[in-house]
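Engineer: Here's the letter readout for the chains.
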Amino acid sequence: GNSVTQMEGPVTLSEEAFLTINCTYTATGYPSLFWYVQYPGEGLQLLLKATKADDKGSNKGFEATYRKETTSFHLEKGSVQVSDSAVYFCALSVGNTDKLIFGTGTRLQVFP
Amino acid sequence: DAGITQSPRYKITETGRQVTLMCHQTWSHSYMFWYRQDLGHGLRLIYYSAAADITDKGEVPDGYVVSRSKTENFPLTLESATRSQTSVYFCASSEGRGNTIYFGEGSWLTVV
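First to last, the protein sequences are chains A and B. Heads up, the final residue of the first sequence is numbered 113 in the numbering used here, and it's a clean run with no missing numbers. Heads up, the final residue of the second sequence is numbered 188 in the numbering used here, and it's a clean run with no missing numbers.
So here's chain A without its partners, still in its complex pose (with noise of 0.2 Å):
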């Protein structure tokens, strides 16, 4: 089946630290990769994604790098600020359905 694994949270830094979120997937087929945020009290927003293999998604600062070898797509960042404090969810789709399956989700608490 299709699932994705992701590091266990929270992640704590301090500000201009630089950030990896791990997150691996098992999938039939092609997928495509996504990762997602939910700041305090919203939903989630659509962060950055990639189609295909060795494809790089990026977005505010956050790159993710979509590697079949590997079956990973883990999240960077080089200098995190405290308003990147937020949930992450790693997340892949497969078909023309566009019903995404999420990893359980990682917190990242940024302190000044």
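Treat the hints as calculated values from the structure; they're not laboratory data. Only true hints are included.
Listed below are the simulated DSS-like cross-link pairs for lysine-lysine, each with C-alpha atoms no more than 25 Å apart in a straight line:
1) A/K57 <-> A/K69
2) A/K78 <-> A/K57
3) A/K100 <-> A/K53
4) A/K100 <-> B/K146
5) A/K100 <-> B/K133
6) B/K146 <-> B/K133
The calculated label-pair distances, taken between Cβ atoms and stated as ranges, are:
7) B/A128 <-> A/S80: 43 to 51 Å
8) B/T186 <-> A/T52: 35 to 43 Å
9) A/T71 <-> B/S156: 42 to 50 Å
10) A/F19 <-> B/S156: 47 to 55 Å
11) B/Q94 <-> A/S59: 43 to 51 Å
12) A/P113 <-> B/D129: 49 to 57 Å
13) A/T29 <-> B/Q94: 32 to 40 Å
14) B/S156 <-> A/K53: 39 to 47 Å
15) A/T6 <-> B/R159: 27 to 35 Å
16) A/Q46 <-> B/D129: 26 to 34 Å
17) A/E9 <-> B/T81: 30 to 38 Å
18) A/Y40 <-> B/E135: 21 to 29 Å
19) A/Y40 <-> B/M98: 22 to 30 Å
20) B/T102 <-> A/Y40: 21 to 29 Å
For each residue, glycine too, the CB sits at the ideal point set by N, CA and C.
Knowing the structure of chain A, use the given hints to seat chain B on it.
Structural biologist: Chain B in isolation, oriented as in the chain A frame:
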């Protein structure tokens, strides 16, 4: 640009009662989705709809009913609420075919 709206945002109900969560989108998106968010599970798909009058089960459909008589509306009904259905419910929509999925702000439901 109203986007996607959910109501009620917060609801407390008793075990055994019927509850309906409303979802309305103004984009005329073909696809609509209902997810529930629970700690340790991330988001799990309850039901989805590819178009008006077409609905299909997701990962956790038991105890829920949906309908889609109009493209813009996708209500979710808990026929006889149970405590295990205490959760945050997110409605989402997309144009389909790999386009971005947009989420509502969520409905917090507590079953006592």
